[in-house]
Amino acid sequence: MKQVEKMTIIKHRCIAENIYELTLQGELVQSIEEPGQFVHLRVDNGYETLIRRPISLANVNKKAKECTLIYRVEGEGTTRLSLKCVGDRVDVLGPLGHGFPLAAASSGGRALLVGGGVGVPPLYYLSKALKQRGIQVTHVLGFASSAVAFYEEEFRALGPTYLASVDGSIGSQGFVTDVIRKENLAADVIYACGPTPMLKALEVSCPDQPLYLSLEERMACGIGACMACVCHTQTDPEGSSYKKICKDGPVFKAGEVVLG
Amino acid sequence: MKQVEKMTIIKHRCIAENIYELTLQGELVQSIEEPGQFVHLRVDNGYETLIRRPISLANVNKKAKECTLIYRVEGEGTTRLSLKCVGDRVDVLGPLGHGFPLAAASSGGRALLVGGGVGVPPLYYLSKALKQRGIQVTHVLGFASSAVAFYEEEFRALGPTYLASVDGSIGSQGFVTDVIRKENLAADVIYACGPTPMLKALEVSCPDQPLYLSLEERMACGIGACMACVCHTQTDPEGSSYKKICKDGPVFKAGEVVLG
Amino acid sequence: MNETTEVSLKVDLPGLPMKNPIMPASGCFAFGQEYADFYDLNQLGAIAIKAATREPRFGNPTPRVAETRAGMLNAIGLQNPGVDHIMAHELRWLERYETPILANIAGSTIEDYLYVAEKLSQDARVGALELNISCPNVKEGGIAFGTVPDVAASLTEKVKAVSEKPVYVKLSPNIADIVTMAKAVEQAGADGLSMINTLLGMRMDIKTMKPILANKMGGLSGPAIKPVAIRMIYQVSQAVSIPIIGMGGIQSVDDCLEFLMAGASAVAIGTANFVDPFICPKIIADLPQRLEALKLSTIEDLVGRSWKTCVTV
Amino acid sequence: MNETTEVSLKVDLPGLPMKNPIMPASGCFAFGQEYADFYDLNQLGAIAIKAATREPRFGNPTPRVAETRAGMLNAIGLQNPGVDHIMAHELRWLERYETPILANIAGSTIEDYLYVAEKLSQDARVGALELNISCPNVKEGGIAFGTVPDVAASLTEKVKAVSEKPVYVKLSPNIADIVTMAKAVEQAGADGLSMINTLLGMRMDIKTMKPILANKMGGLSGPAIKPVAIRMIYQVSQAVSIPIIGMGGIQSVDDCLEFLMAGASAVAIGTANFVDPFICPKIIADLPQRLEALKLSTIEDLVGRSWKTCVTV
Ligand SMILES: Cc1cc2nc3c(=O)[nH]c(=O)nc-3n(C[C@H](O)[C@H](O)[C@H](O)COP(=O)(O)OP(=O)(O)OC[C@H]3O[C@@H](n4cnc5c(N)ncnc54)[C@H](O)[C@@H]3O)c2cc1C
Ligand SMILES: Cc1cc2nc3c(=O)[nH]c(=O)nc-3n(C[C@H](O)[C@H](O)[C@H](O)COP(=O)(O)OP(=O)(O)OC[C@H]3O[C@@H](n4cnc5c(N)ncnc54)[C@H](O)[C@@H]3O)c2cc1C
Ligand SMILES: Cc1cc2nc3c(=O)[nH]c(=O)nc-3n(C[C@H](O)[C@H](O)[C@H](O)COP(=O)(O)O)c2cc1C
Ligand SMILES: Cc1cc2nc3c(=O)[nH]c(=O)nc-3n(C[C@H](O)[C@H](O)[C@H](O)COP(=O)(O)O)c2cc1C
Ligand code: FES
Ligand code: FES
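Top to bottom, those sequences are chains F, P, S and R.
Take 1 as the starting number for the first sequence in my numbering and just add one per residue.
Take 261 as the starting number for the second sequence in my numbering and just add one per residue.
Take 521 as the starting number for the third sequence in my numbering and just add one per residue.
Take 834 as the starting number for the fourth sequence in my numbering and just add one per residue.
Just so you know, the hints here were simulated from the structure itself, not pulled from any lab data.
All C-beta atoms, glycine included, are put in the ideal place defined by N, C-alpha and C.
One or more hints might be untrue.
Across the chosen pairs, the derived CB separations fall in these ranges [as the list claims (entries may be wrong)]: (1) 61/F to 727/S: 56 to 66 Å; (2) 85/F to 465/P: 53 to 63 Å; (3) 537/S to 460/P: 46 to 56 Å; (4) 642/S to 255/F: 38 to 48 Å.
Derived list of chain R stretches under chain P, where covered just means 3 residues or more per stretch with a C-beta under 8 Å from a C-beta of chain P [unchecked claim]: (5) 883-897; (6) 909-921; (7) 1069-1082; (8) 1094-1108.
Hey, can you work out the whole structure from these sequences and the hints?
So, in structure tokens, the structure goes:
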């Protein structure tokens, strides 16, 4: 069940340039169903940042009632969030949306997880969940540069991990799709999260495997009421049928919706 | 010289129902010229309380670079201010305005200080300054009730102190003017700060002594630029001549301006 | 003063017998389903549902929302599944609640409006219609309905002729003289007014140097617009004798009180639902004690208090 | 990309050769004296002084200001010592600075405007006039000048005829169609536009149940109105060819950039002066590095970037 809770910050640290890892504790964690879901944060009680900010779940520890978010300082909301301290409370609405279907990979099967930038975080929680189900995970992570790369070791602990960076400062120079091609990475299912151009490139370059994409859009309500975050369906790309990223997504099967 | 400074909170406590005493430290204190001046506080850096709040100086310790404010929690700004902790910094513009003329009382003379509610605080700084100049101070302080009364002992330490309260729960029941009449309090000069009805009553009941009144008005700039806080002059009560409470006041000689 | 006052929150508006003066605003609550996950919708005084149009509409391209200081911009573009779908599904789903429904309708042509109004007014679940003549996010004609009093009046008259239910006209604040507009639609037979819709606004993305919204302009809502709403309601409530549903930036019970004092008979809450899904029931719960503090026993005692010179308490 | 760009902040507007695009807005800086206590006014691109009227005016009763979410209301009522006093004292005092002066003028009748415009335009210290046709706080006639394009155009034409200096017309946002208004005054000879003035708003005091302002209504300024200002400047700058001085809620260098991208050639800062007396020099100091970050070397490169399709950089 979705709920609103003032969760307590129990860890908060900078893990790369402008990238923060934030661990929250609260009852809401019990309701989290699957990797790929997100929470909607109210950064201030005031009016600086009136509407909430959506951030994916990067890790979940139900026993400890903890969840971890990894976010990039982007604008005012995330800047203000980054100033919060351990012990502070954050108003969280969640868990929201439908995540990655774990059942799309069967035990013993191979999953390829492809992430770009701040699309990488939800893949960590996903990878852990897949691994727990006996699925072999391979990661391809793209970053702008080594300065903003994070969680390399964490991913390596779960499975083979390839890095790519735009400037070549970490991993191979180029895009994640270059890595997949070069390394000839195959899998039974691909899960991806990252910038739209990356998702589009994947849709084109990996037409044969089941591919699940996590999308982003500017949101207001986060629960399906305001219609801020819709996208067209591929069966009716100009018509009136649509999906809400916050409620029907953020994860969709490739081919289901039109990528913005 | 007026300045803007982030002053540090070194003491902050509740001294009566909804009444707080706040001590700030900073260089700005050196510029304070006289009792009756005020500072203009920016409570948030954000947009909850966009404009500044004027609060009188209740005490000043130049050696320690400290000044004390006493304020009532009234609306949003003072509520938010009351939540600040020791060590927090507050954006202060000041010192502002013209205060009580100390020279209106000569050494050995007698001054009567009349305050009502949150008009009482500046009189404490005034009383200390007068006493230091060898002037005998008598205080008449009016409060709504004992619950919101403060600084009785502090004033008593400086001179005779009479209290009045609307409900009789502290001092004599009634208004400060009742006390002055009953006790037949006379002085060479009267200084007053409090609600406008109180100031008006004083103007009527004490026509013979020099009387100085500290006024209040809703302010924006606090420095004389926006024209929010003007009042008519008594010589031209309907005309275009005016005084700015923030810049020409807040203290005026009785008879100078029209009381709102 | 000390006897306990029996506070009643009831408000009786044309077509909307409300148990309290609080309703979610159109477009900020969809058709209720999402908020039903959080609380029992029977707590609400009424529900204003998302605008219905003749045909299903996808609306504008995304991004459709942007944040501003104490506000937000939206350019949803009246996305909705069309009146037939709404009647067949959304209104059917709402049958499980007793809360009166205010059905918001929009269109690009008079014919569209009439078609939707006639149909929706026949639905038993609908208590009254809310004529959205002011949506800033629709290109064709939308603006003229909202800014030219004669055009608005003529639309109102025609809708009244086909509607079986009371009709509220939702006014746009993007206008120089709101009073003339309000009087024109009252004259044309409107049973009530809703005000205000959003102010037309815009935001640039500093990085791309382009507007954030794909539609470029959008409607400004939230606390930022409250003073404009209060002013317009204050002006209009003194000039008309039909009730006003007030809205624009309400975030707290005190905001509601301001609207009622200004002259609104009930209020709608929009953007605040996105910030706090529980905002409507919270404000409803806060109302009785605030009324008591003001020594009032009914909502009506508060309506227009800022300008009514003598009030019988 | 990596060579150091020589950033120039210069902006050359009719009558106002500005060394940077920042000026304080009229009514928020009086005649400069108070802010001269904080910094050297020669740092400013220009100074818009408080509205001058024919006779001295006391203005409205107090309270004259009220705070709102991310904004404030004011109902000063054009208090000023009258044009003669302003020329004899305030403008004389300003002689010690080189900063160009934009002299804001207001009135209740056409004759008043012409009298003040003619006189002020002859003052050597005045670079240009700013015709305040939009003050919401003056009862007699003020509003018609600002909301009826023909009335505004005719006033502009007459002022142009008596003025020896360029004339900027300051537009009111309390209007349905800002573009028609802007084109009308351009046609009438305006050399530039200032926009926007305040939105008409109101606030209730929950305790007294009455309006906070003695004048009841007041002008809403501050960050709350920025999206409306940006939208109007975006619309108008594409429809006229005279320069626009943009204003409405600017609090930071990024806010300035938004205004320039929307189509303003320079900006004015109002309410923010009350929050931070140093805001103008702070923003001026912040501009060069922000321009560099956007890889632009002049202010002009930025003007209208949100809608200009091809720009030579
Ligand atoms: C489902 C989902 C999951 C996300 N997960 C993550 C994550 O795990 N880590 C992470 O760093 N970022 C994530 N994002 C992006 C993140 O929401 C934005 O970076 C963030 O909202 C920016 O807020 P801001 O206040 O810093 O920026 P501002 O520019 O001040 O934000 C203003 C408004 O724009 C919205 N906005 C701005 N940029 C974006 C964007 N890129 N996407 C969506 N809304 C935006 C904000 O939510 C806010 O409403 C996710 C977005 C979505 C939709
Ligand atoms: C020169 C001067 C000295 C003052 N000294 C003191 C003092 O020493 N102690 C004290 O408790 N109070 C003092 N006040 C009153 C104090 O400024 C207000 O109580 C305070 O600003 C209320 O702010 P708020 O945010 O709590 O209320 P809100 O209602 O949220 O304030 C909204 C706006 O109204 C203004 N405002 C509200 N009430 C008043 C008021 N009574 N007077 C002036 N502005 C008001 C605020 O400044 C703000 O701009 C003084 C006022 C003036 C003008
Ligand atoms: C996302 C969004 C969608 C809206 N859709 C509609 C709509 O369909 N019909 C309508 O009349 N008003 C619509 N509105 C306007 C609101 O009903 C309301 O008038 C306005 O937002 C002001 O109230 P608020 O500040 O509480 O949000 C919408 C507002 C928002 C924010
Ligand atoms: C207190 C105050 C007084 C003002 N006086 C005038 C004036 O005399 N003439 C004028 O044209 N505009 C006047 N304005 C409007 C401002 O110049 C400006 O257009 C408006 O406040 C929007 O800018 P801001 O949000 O930066 O304040 C005044 C605004 C305020 C807040
Ligand atoms: S964010 Fe409101 S519908 Fe998705
Ligand atoms: S507060 Fe601005 S002039 Fe006094």
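Going down the list of hints, with the structure as the test:
| no. | hint | in the structure |
| --- | --- | --- |
| 1 | 61/F to 727/S: 56 to 66 Å | violated, 36 Å |
| 2 | 85/F to 465/P: 53 to 63 Å | holds, 55 Å |
| 3 | 537/S to 460/P: 46 to 56 Å | holds, 50 Å |
| 4 | 642/S to 255/F: 38 to 48 Å | holds, 41 Å |
| 5 | 883-897 | holds (count 9) |
| 6 | 909-921 | holds (count 4) |
| 7 | 1069-1082 | violated (count 0) |
| 8 | 1094-1108 | holds (count 4) |
Comparing the model with each numbered hint stated earlier shows that hints 1 and 7 do not hold.
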